[in-house]
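4 protein chains.
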Amino acid sequence: MVHSHILSVGDLMKASETAIVFIEFQNDFCKEGGALYDVVKEQIALQRTIKNAADCIEKARGRCLTLIVPIVFEGDYRDAGCEGVLGPIHMNVLKAKAFRKGTWGGAIIDELKPTDKDIVVEGKRTLDAFHSSNMDFLLRVNCIKHVAFAGFLTNVCVEGTARSAYDKGYKVFLLKDCTAAMSAEEQKYVEEKFFPLVGEVLTHDEFLSRLE
Amino acid sequence: MVHSHILSVGDLMKASETAIVFIEFQNDFCKEGGALYDVVKEQIALQRTIKNAADCIEKARGRCLTLIVPIVFEGDYRDAGCEGVLGPIHMNVLKAKAFRKGTWGGAIIDELKPTDKDIVVEGKRTLDAFHSSNMDFLLRVNCIKHVAFAGFLTNVCVEGTARSAYDKGYKVFLLKDCTAAMSAEEQKYVEEKFFPLVGEVLTHDEFLSRLE
Amino acid sequence: MVHSHILSVGDLMKASETAIVFIEFQNDFCKEGGALYDVVKEQIALQRTIKNAADCIEKARGRCLTLIVPIVFEGDYRDAGCEGVLGPIHMNVLKAKAFRKGTWGGAIIDELKPTDKDIVVEGKRTLDAFHSSNMDFLLRVNCIKHVAFAGFLTNVCVEGTARSAYDKGYKVFLLKDCTAAMSAEEQKYVEEKFFPLVGEVLTHDEFLSRLE
Amino acid sequence: MVHSHILSVGDLMKASETAIVFIEFQNDFCKEGGALYDVVKEQIALQRTIKNAADCIEKARGRCLTLIVPIVFEGDYRDAGCEGVLGPIHMNVLKAKAFRKGTWGGAIIDELKPTDKDIVVEGKRTLDAFHSSNMDFLLRVNCIKHVAFAGFLTNVCVEGTARSAYDKGYKVFLLKDCTAAMSAEEQKYVEEKFFPLVGEVLTHDEFLSRLE
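Going down the list, the sequences are from chains A, B, C and D.
Take the first sequence: its position 202, counted from the start at 1, is 202 in our numbering, and no numbers get skipped.
Plus 1000 on top of the position in the second sequence (first one is 1) and you've got our numbering.
Plus 2000 on top of the position in the third sequence (first one is 1) and you've got our numbering.
Plus 3000 on top of the position in the fourth sequence (first one is 1) and you've got our numbering.
Among the hints, a few may not be true.
[Stated by the list, open to error] Subject to a maximum C-alpha distance of 35 Å in a straight line, what follows is the list of computed DSBU-like cross-link-like pairs (lysine-lysine):
no., chain 1, residue 1, chain 2, residue 2
1, C, Lys-2097, D, Lys-3014
2, D, Lys-3059, B, Lys-1145
3, C, Lys-2101, D, Lys-3031
4, D, Lys-3101, C, Lys-2101
5, B, Lys-1095, A, Lys-145
6, D, Lys-3188, A, Lys-97
7, B, Lys-1145, D, Lys-3145
8, B, Lys-1097, B, Lys-1113
9, A, Lys-145, A, Lys-113
10, C, Lys-2051, B, Lys-1193
11, A, Lys-14, C, Lys-2117
12, C, Lys-2145, A, Lys-117
13, A, Lys-113, B, Lys-1101
14, B, Lys-1097, A, Lys-113
15, C, Lys-2095, B, Lys-1014
16, C, Lys-2188, B, Lys-1041
17, C, Lys-2014, B, Lys-1095
18, A, Lys-95, B, Lys-1014
19, A, Lys-95, B, Lys-1059
20, B, Lys-1188, B, Lys-1101
21, A, Lys-193, D, Lys-3101
22, A, Lys-188, D, Lys-3117
23, C, Lys-2113, C, Lys-2041
24, C, Lys-2101, C, Lys-2117
25, D, Lys-3014, A, Lys-95
26, A, Lys-14, D, Lys-3097
27, D, Lys-3117, C, Lys-2117
28, D, Lys-3014, D, Lys-3188
29, D, Lys-3095, A, Lys-14
30, A, Lys-31, D, Lys-3193
[Said to hold, decoys possible] Label-pair restraints from in silico Cβ distances:
no., chain 1, residue 1, chain 2, residue 2, range
31, C, Glu-2083, D, Pro-3114, 20 to 28 Å
32, B, Gly-1062, D, Lys-3188, 47 to 55 Å
33, A, Tyr-77, D, Glu-3212, 25 to 33 Å
34, A, Lys-193, D, Lys-3095, 13 to 21 Å
35, A, Ala-45, C, Glu-2074, 54 to 62 Å
36, B, Gly-1062, A, Lys-193, 43 to 51 Å
37, C, Glu-2074, B, Gly-1010, 26 to 34 Å
38, C, Lys-2193, B, Lys-1059, 28 to 36 Å
These are computed hints drawn from the structure, not numbers from a lab.
The beta-carbon is built from N, C-alpha and C at its ideal position, and this holds for glycine as well.
One chain only, chain A, in its complex shape:
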């Protein structure tokens, strides 16, 4: 079948059919003193991730759907299960005492402080945000077709959530200047090797200029 509303690379997109997803913009990742800041601070500085993401959400609010997706655990990690079940990357979070509800480290950074035009997506505990939240419901009922991704880590939760979006039938976009990985090598791998297999890689300004 042929549908007339299909998007080709470079085409404009309806803003009302578009969402931008901001993953894990929390103090523990983004700020001096944050539990996991050290692993990502160099790339954040290099990419100007925070400044770009703040610019992006400010320009996008009210035009398209803006979803803010933190990862948080109970303060005592009682939601992290029996000993030994969670794998290496979750164990690092627990050892670092990162991403706990009600702590400064677990809070969303001031630069992306949610307003009543955003929706804060609750529940993320897994690499793929869809698997542990209501994000698919939110996108479906809001008639979203195009989803752009920002946040941390480019090759872990950002890529993982974008993979899942792709498999669910959304057009996916990586806002490269609003993401960061642990190293330039990993960032480059996602931008050049993986993401072009599933969608487009562009800056937040390039993406916003495609919305109508």
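For this one, chain A is given, so just place chains B, C and D on it according to the hints.
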């Protein structure tokens, strides 16, 4: 293959492998003045749902996993999507202005007020709680095999979430005296016709006596 | 947000955005000698399920997406897991030796024999067909918004798959004269009590007259 | 909670709780003349992927669960949706006319020809095999805790399916000598950068020696 740890009807279950899920014990359903109280108040009175559920959670806390699962929307329902997408039962919620974050109606009832031994599951927007929350993650990482269900409505969200749990490989139980439907006919239908196809129907005291 | 393409009850639907899902039209359910025919034969006769479904698929083929969804297990049920894990309704299937690949009982009935205009959906092992197949992928990539359901049992797999479709954001329809349950009571319950909460209940002719 | 049956790195695993998943061992990827052979043939030769995978399945059959997971489309790709919906990597498959049912290219290679000790998982159309098949059902009902992955492409479907398994609570393993990517760089990235975040990377002989 034959595994030795399998459960037959009537067998004891390890409490550490068991969860009880309390669905939508919120003022809007359970209390005079709640937005949807009228549709379920007769059955709540008849079944003594609140008293039984309060007794159940008190006895279960600290022995097995206790999950409290409200359904809540943003105050302006901006997470409920474009006009006309949601179906009849969601439209009723919106018309009644029920289940809004930060309102008395959306709050969990005092009798089941969460403690730090419970986990409040966030995100439920759909009939099947698994589809819009991290409940499967919570059950997996806590090594849960047996899941009992309480709450509202017996034949809608309670049955729907139990169906999904069954399909995901959990043993499922209906705590009949801790649920309520809109009519005795619907309650009886679930207890006698549907639920025996997927699991066991019993009182909360009967269920708790099976835990070891 | 307000979208102009939204459907109200009674509105016409684009055939190209519509799918009809035919669940478990297999000899084991539908034909004399089938392993589970006895449990459903009275209702099949009363509803004229086979004749209506055959008429429906013939008229729908090539206009909208027609999906045929059998449930089949390996001949030795080696895909049915360790002893004791599956619940009551699956155990009945195993005891009856029903729905085995390569057997007459497991085959789709002649009246709904797939053509190259249909898609046979593989993998169904669970009550909700979405949970064990690629049906969500098929619906998404075919730009489907409206999904109608036919088949067996009205209150088990048909209702279960429709519940999941509803939660995934599709408009759902029950083709009542193309379904059957184990009793008139269960059929009536779904038609009058449950399904109106999530969608519309109508005959296949009424549904087809809504397609444009 | 503390459970005694938890696995640490290097520990033995029960073979009855273990599955090995062989992804896309089809002529189109693995054999001279296959539609996509050119993109992966160098790495296949370098890694000796086919020989190692054949050795692995032969040794594993009957000890642990062996799942063979092809990706196949209808011959006319009528299950691939409306024009323009599928993304770049699916479009490449369509352009190459790869992975069609009933063709030599879509068939599983002789070296991994399924026996009645394997289960062929049907339905895969997406990068993450879980999203379009009954694989989670198969793993759950077979009481599987540990899942090892082999196949193509290391950084696309293999990684994607392993990510999803991790999020679903399974222990995950990459059988590095039974996989291949489009380049040594991508293979190395998965082995050294990504996979250690979620599980263990080892040869098939190392993995099999861990089963008891």
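Query raised in the report: Taking only the CA atoms, is the gap from A/Lys-145 to A/Lys-113 under or equal to 35 Å?
Result: holds (25 Å)
Q | Restraint check for A/Lys-95 with B/Lys-1059, where alpha carbons must lie at most 35 Å apart | A | Holds: A/Lys-95 and B/Lys-1059 sit about 32 Å apart, inside 35 Å.
Whether the CB-CB distance between C/Glu-2074 and B/Gly-1010 falls inside 26 to 34 Å | Cβ of C/Glu-2074 to Cβ of B/Gly-1010: about 30 Å, so the range 26 to 34 Å holds.
_A/Lys-193 and D/Lys-3101 were given as a pair; does the straight-line alpha-carbon distance stay at or below 35 Å?_
Cα-Cα ~29 Å, so holds.
* **Proposed proximity, C/Lys-2117 with A/Lys-14 (alpha carbon, max 35 Å)** => holds (33 Å)
Starting from C/Lys-2145, check that the Cα of A/Lys-117 is at most 35 Å away, please.
holds (27 Å)
Is A/Lys-95 close enough to B/Lys-1014, meaning Cα to Cα at most 35 Å? holds (29 Å)
Against the 35 Å threshold, does the CA-CA distance of C/Lys-2095 and B/Lys-1014 hold or violate the hint?
Holds, at about 28 Å.
Whether the CB-CB distance between B/Gly-1062 and D/Lys-3188 falls inside 47 to 55 Å: About 48 Å separates the Cβ atoms of B/Gly-1062 and D/Lys-3188, which means 47 to 55 Å holds.
Q.
Does A/Lys-95 sit within 35 Å of D/Lys-3014, going by the straight-line distance between their CA atoms?
A. holds (28 Å)
Could you see if the CB distance from B/Gly-1062 to A/Lys-193 stays within 43 to 51 Å?
-> At 49 Å between Cβs, range holds.
* **Satisfaction of hint between C/Lys-2117 and D/Lys-3117, Cα-Cα up to 35 Å** => holds (34 Å)
Hint 22 alone, counting from the list given before, is not met by this structure.
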